[in-house]
Each structure stands twice: as structure tokens, then as C-alpha cells.
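From just these sequences and the hints, can you work out the full model?
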Amino acid sequence: MKGWLFHLAVLGVLAVLAVILPAYHANNLARVLVLAVFATGYNLAFGYTGMLSLGHALFFGAGMFGAALPVTLWGWGGLPVLGTGMLAGGVVAAAVGVLALRTKGVSFMIVTLMFAQAGYLTLIYCNAVTGGDQGLVLPGAARQVLGLDLTQDGSRLWLALGIYAAALAGALGLVGSRFGRVMLAMRENEERSRMLGYDPYTVKLKVLVISGLYAGLAGAAYGVFFGYAGAGFATVQYSILPMLYSLLGGAGTALGPLIGAAVMFWLIDFASGLTNAYLMLVGVVLIVVVLFAPRGILGYVRERWLPWLP
Amino acid sequence: MAAVILQAKGLAKAYGGLKAVDGVDFALNAGEIHALIGPNGAGKTTFVSLLSGRIAPDAGQITLAGQDVTALPAHLRVRKGIAYTFQITSIYPRLSVFDNVALAAQSQGARDLAGAVGVALGRVGMQGLAGQEAGTLSYGHQRLLELAMGLALKPKVLILDEPTQGLAAGEIDDFGALVRSLVPHTTVLMIEHNMEVVMDLAHRITVLNFGRVLAQGTPAEIRANPAVQAAYLGTDDAAA
Amino acid sequence: MSFGPFLLLALMEGLVSAAVLALMASGLSLVFGVMRVVNVAHGAFFMTGAVLAWFVAGHVPGPPVVGWLVALIIVPPLVGLLAAAVDVLVLKRLEYEPEAVIVATIGLLYILEQVALLSFGPDARPVAAPFSLRLQLPWFGYSGYKLFVVAAAGAVLLAVWLVMTRTRFGLVMRATQVDRVTARAFGINVDRVYAGTFGLGAALAAVAAVLVVPTTQVHYLMGGDPLLLSFITVIIGGLGSLRGTLVAALIIGLSDGVISMFWAPTLSKIIATLLVALVLVFRPQGLFGAKA
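Protein chains in written order, with numbering that gives the first Met the number 0: chain S, 0 to 309; chain U, 0 to 239; chain V, 0 to 291.
Hints were generated in silico from the structure; no laboratory data involved.
Note that the structure is predicted; figures quoted are calculated from it, not measured.
For glycine and all other residues, C-beta sits at the position ideal for the given N, C-alpha and C.
Any given hint might turn out to be false.
Unchecked claim - When the alpha-carbon atoms are kept at most 30 Å apart in a straight line, the in silico BS3-like pairs for lysine-lysine are as follows:
no. : chain 1 : residue 1 : chain 2 : residue 2
1   : U       : K18       : S       : K205
2   : V       : K91       : S       : K103
3   : U       : K79       : U       : K155
4   : U       : K153      : U       : K79
5   : U       : K18       : U       : K153
6   : S       : K205      : S       : K1
7   : U       : K153      : U       : K8
8   : U       : K153      : S       : K205
9   : U       : K8        : U       : K18
10  : U       : K79       : U       : K18
11  : U       : K79       : S       : K103
12  : U       : K8        : U       : K79
Unchecked claim - Among chain V residues calculated to face chain S with C-beta under 7 Å, some are:
no. : residue
13  : A99
14  : A103
15  : L116
16  : S267
17  : T272
18  : V275
19  : V278
20  : V280
Printed below as a string of C-alpha cells:
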């Protein structure tokens, strides 16, 4: 109960921000929220279930093109393509997971990395359909969802907030459920869990598919919100970013990915005004977190002050 | 003659050239406490790992209540009622005691999770500790938690791998009373080195040596068996 | 040109990539074999070696060959020292936990690339070849320097092999590879072996970089493709097996040269990455490695 109220309060603060923020930051907040949806899904696999994937860029890219292609090929509208994008992320995650989950640890990281790289190269290779390096620009007509015109900053932010709220609620519900307990069990000790009657392979595959659905929805939303789908979003950097957000904000905490995404986004936004080598921050934060703060911001808060945080 | 609940026929497993388990025939009667003993390296842990499905046999057949489970993976055998508790305490140290036991209870499909967890913890005398993080428990309590997880699975057959290892004398007595209270509802198969515990608790004993069954019988029969004495004393007769 | 000479050219180009790849990949394989960790920053060390080579070559007066030779002598040890420092300051503190090391070396990759962007800039720049001998074949002329690269890579690999099999350092490394705990018990300074191994692995990438820069251009993102190809090579060859790595480098380098001359290079990369993923899933000991 305390947990739900706490998270409702956080969503309330975000809603207030949506009202009062100036346009530039409102637009950035929309980006952060969509990336936070992506990272929240990543965190279900990584933080809660212990699967360190380097392939999520592929699920994000699948969602983005799963939304963009129906628009450019068949002229579909904004709402249905959010659905097709989400579905594409889940389907691709299932296909990758069926094979990759036969491995674990470092092998799993490399296998997912290789699949994602193959997927990225395929997007480039099929440039006749995907636009290759140039990508696809989505027409304004396709960027209308539920009466909201997503070419406008304000409506974009409200829809982003709505999607994030749904994603957060979904994650909270999942980790608070019986299945959520099994996810933690897989992270902590796979062999023990097998001897309690749980098949690690199926449990992890289910979580990976859910995580892929999150990534797909986020990719689709990113494409529809900002009117562009590009193969660049399927590069390995987009697998590293959700991992970074989760680690920084706190792997295995519900709000950690949002905090990580927000902190990194504004750090990089600030640094990019000073230097063109602003991605240095990604490297520095990764190493600092892994060396000195493996539990991340919210993990530390939970340990010190709020042990009831999910 | 009691009904056989778990049976192995011609069970074999080799590692490289070493025959860890070499054609073992074995029957566990429903409702008994059965001890598995033998010198180090006799193949006891390999044998129960084959029964529980943690490793696959090279040859042989395993049946649970008449049903062939040889091809079933470990997690499905657990669901069918073969529970295994680890020799080296294997709990989830970063989860609460409640979550540890709940994982076992919900695997078994318990409707009332809190109730099922309470009952299992109650049987090992740990009701008050549900909220504690499992890794912070004393060693004795961790062993008991492991046992509570096994009980919460409501198994037909509970396999205990050296359950009294590292326990103090008083704890061993409590453990003995607890195991006795499980039968005949549950059948217990335990690997045990402590002969006092074995002779005190077991209805029947199977002695393994070099991967084969050396002897089987009641505690009195085993105590009187010359081959067993030879195996334990390590004389040349043992290999014959 | 008819098909025969065309294929010959493709094979020669492939041999050059195979030689460079063998150097790169043996560094990665060495680190994995001894330390059981994957160095994602291996390509970034390659890039750092190339940038340093450009810097040294530009600051040494005299004909290009002098600057290049100076680079060949001082750049690999410099990169090796940098890597050894990273090992002591970062990897050791992570206790070589495999997943944490991957995350940390991803971070290192970003830092090295961005430092290069800051100091070297975003443009691609050439390094002059130390000599411009041209080998005239009946059908086409071929760069004598490229053939020299093949020979030099072979010599370096031979030296590595001799170090591994004939010297005390090699023996100590192999002992540590087999069993870290026992090696420590026998008085081997495991920390120093690890720092040395990580440094040697990065230095091999730097040697490859100094050899290859006169035939290509220096750019701060040039480490990505060699990293991917090294991964592919090491995995196909069997993780940690030096012999398998060499065989795989030869096959991948040659087939990459041939395939990309006749088909789209993107397609061959797609096939290679998928192949690697499937090898890891179904045959983790590699195509040429013995079963562990």
C-alpha cells in the first residue's frame, strides 16, 4: 500500500512538471519518459531476473520499425502502430530468447550482442524498405493518437506520461506478484529454483518477452512521438543506455530506471553544451557505478532509508 | 509389505572412466525413513541426484508411484513430489525467510500462501523469523529453513543430503523428532554420515560402495553385516 | 581483369586482413584464456594505438620510415602500460567478476573514444607508409608494404608463441590460466600476471594498429569493426584457444576478403554475426576447439 501511494505521488510530481515546465524541458521530459519505459523493461530482465542482455537495442529498433513500416507502407495511424511496434519488440525478443537463453552469463551477453548486431546490419541492408542510414520520416498525419496531436510538445508529454504510468504500474504489479518472486529467485540462485520446481528457461523466456514488449512499445513511441525511425536506434549504444540507466538509478528497483534516465539525460544535455565529447560521461558513469555504487541511487536509498521500496 | 513409492532399476552414471553409480536397483517404501550410507566417494550424492533429476542417468529407469519419471527434467519431478534439500545450504540469502518458503509453497500451488508458509515455518520452529533476511540467520536456522522449504513443497518423497552436518547436539535431537513426525505421511530418504542418527531414525538402510549396493536391511541387520563392517574398516574384503 | 587474377587480388587482400585480425584476436584470446574476462575495450586499445602512431609519426623528423619505426617501438608498450593501469585500478577491484568487467570495459571503450575525439578530432587522417615499394604482377601492381604487414604479423605471433611456450613468464601465465588459486599458493604473483596479460593483450592490438595505419586512415571510431571481427574470430576459434584463434583468423580474414570483393560486405557481416551467435549457443567450445 505504502509502495503504491509513493509511486502515485511520483507520478503526480511528474504531472505537475508537465504543466509548469517550459517547452524545451517539456520536450526533453517526454524523451526521458519514453527512454524510462525502455529501461523499466530492461530492468525487469536485468535487475529483477539477473539477465544481462546486450541485445535490447534490437527490441527497441524492432518496435520503432514495427511502428514506422506500417505507416510508410500501408498508411496506418498512430494508435495501431504503437500496438504493432510493441508486438514486434515482443516477437523479436521471443525469437532471440529461445536461442540465447540456452546460454548464460558472459555467453548470453555476447550472443544477444551478436543477434542485435545482425539485426542492425539487416536494417541497413534492407535500405529500400527501412531507409538504411537515412531512416524514415513519419508524416504528421500518422502522429495522431486518441485525439492527441503528437507534433505538439504538450500532448506528446502527456501521452509519454500516460505510457510511463502504465509501464510503471505493470512493472510494480509484476514484481509484486508470485511470478515476481520467482523472477528474484532466478536472479539469486537458478539451481535452487530448479529444485523448487521452476524451469529457469521458461521463466527467463517469459520475462525476456515482457521486457521486449516494453522495449518495443518504447521504440514505437519514440518513433511516433518524434516523427523519425532510424537504424541508429538499433546500434549497441541503445543496448548500453538502458543498462546504464538501470545501474545508475538502481538495478532491481521500480523507479530506478526513470531516475537513471533522467540523471543521464540532463547530464549529457548539459555536457553537450560544453564539449562534443559528451559521451565520455557514459563511460565515466558506467565505471564509477560498477566500481563504487553497484546498487545504484535508489538501491542505496532502499538500503539506508526505505526498505519497503519495490 | 508396504507399497513402493520410488523405485530405481539398473541405474548407472559414469564420469569419464569412473562409474559413480553402477547398476543400482533400489526401492523406497511409502512412509518409511530410509538412510543411504557408505564411505566417501561411494556414489551417494550422485545416486540421489539421479533420483531427483539434477543429472541424467546413462542407463536405468526411475518410477515414482508406478509412473516412469526417468525422462522428466528436475523441475517437473519436484512438481510431481520429489523434493531435494541441498547438502551445502542453498537458500536465497538476500530474500526474506517468508519469500524463501513462499517460493516453495507457491510452486506447489498453495492458495493461501501466508498460511502455507506459516505452517512450514511452524514445523521447524521458526514462526517468529519470517521477516528476517535469510542470509542473516544462524547456520542452524539456515539448515532448518532449507528443511522448511522442502516441507512447503508437500513432497511425496523428501530427499535430505546430509541434513545434520554442522548442527549442534541439541539441534540434532530436534531434527530427529521433526523427521520422525513427517512419516508416514511423507517418505524420507536421507544421506547421513552420523551413524547415531542413522541407527536411531532409519527404518531401513541401504549401503552403497563403489557405486553398487553393498547391503540393505534394518539397522540391526546392517550392523551385523560383515561386508558392511569390512567396507567401513577398509579391509581388502571390501573390494571383493 | 579476368576471374583468376581477380581472385588472387581478393586472396591477397584477405591475407592482409587475416594477419592483422590474427594479431588483434590473439590479444583478446590471451586475455580471455588467462583471466577469463572479455575485454570489450580491445578495439578501443587498437584505435588508441593508431592515434598514438599518427601522433608519433607526425612529430618525428626525417623520412616516414623513421617516424613509423619509432611508433612501432614505443606505441605498443605505451598502450600496454595504459591497459595494465586499467587492470590494477579497475578490473582488480571488480575481482574480475566477468559481467562487471564487461560493463567496465564498455565504459572504458567510451572514455578512450571520447578522449581521442577531444585530442585527435573527428576527422580521419592518414599516416604515411614507411616505404612505397610496389610489386608488379602480370595483372596488377600490389603494395609491397601490405606484404610486409603479413610477414611482420607472422613474426610477432611467432614471438608471442615463443614467449608463451619457452619463457618463465609464459609458464607462469599458463599456470595461472589452469588454476589461479594453486598458482598463488606456489608463490606466483597473480596480480602481476594479470596486469601483464591485460597489458600484453592490448599491446598486441596496438601492434596491429601501427602495422595497419599506413594502409588505412586513423579515426576515433575505427575500433568498432576490428572488435567485432576479433570477437567473431575468438569465438569461432574456441574461447581462449590460441591455435584455434589463428586458424579462425585465417579463415575469416580470407573469406571476408573474398566475400566482400564479390558480394555486399553488409551481407557477409550479417552472416558472420549470426554464425557466431549460433556457435556460442550450440557449440560453445568453438568450431576448432576441443571439448572442455
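Hints versus structure:
no.: 1; hint: K18(U) with K205(S); in the structure: violated, 39 Å
no.: 2; hint: K91(V) with K103(S); in the structure: holds, 23 Å
no.: 3; hint: K79(U) with K155(U); in the structure: holds, 8 Å
no.: 4; hint: K153(U) with K79(U); in the structure: holds, 10 Å
no.: 5; hint: K18(U) with K153(U); in the structure: violated, 33 Å
no.: 6; hint: K205(S) with K1(S); in the structure: holds, 28 Å
no.: 7; hint: K153(U) with K8(U); in the structure: holds, 25 Å
no.: 8; hint: K153(U) with K205(S); in the structure: holds, 26 Å
no.: 9; hint: K8(U) with K18(U); in the structure: holds, 16 Å
no.: 10; hint: K79(U) with K18(U); in the structure: holds, 29 Å
no.: 11; hint: K79(U) with K103(S); in the structure: holds, 27 Å
no.: 12; hint: K8(U) with K79(U); in the structure: holds, 19 Å
no.: 13; hint: A99; in the structure: holds, 5 Å
no.: 14; hint: A103; in the structure: holds, 5 Å
no.: 15; hint: L116; in the structure: holds, 5 Å
no.: 16; hint: S267; in the structure: violated, 10 Å
no.: 17; hint: T272; in the structure: holds, 4 Å
no.: 18; hint: V275; in the structure: holds, 5 Å
no.: 19; hint: V278; in the structure: violated, 9 Å
no.: 20; hint: V280; in the structure: holds, 5 Å
Comparing the model with each numbered hint stated earlier shows that hints 1, 5, 16 and 19 do not hold.
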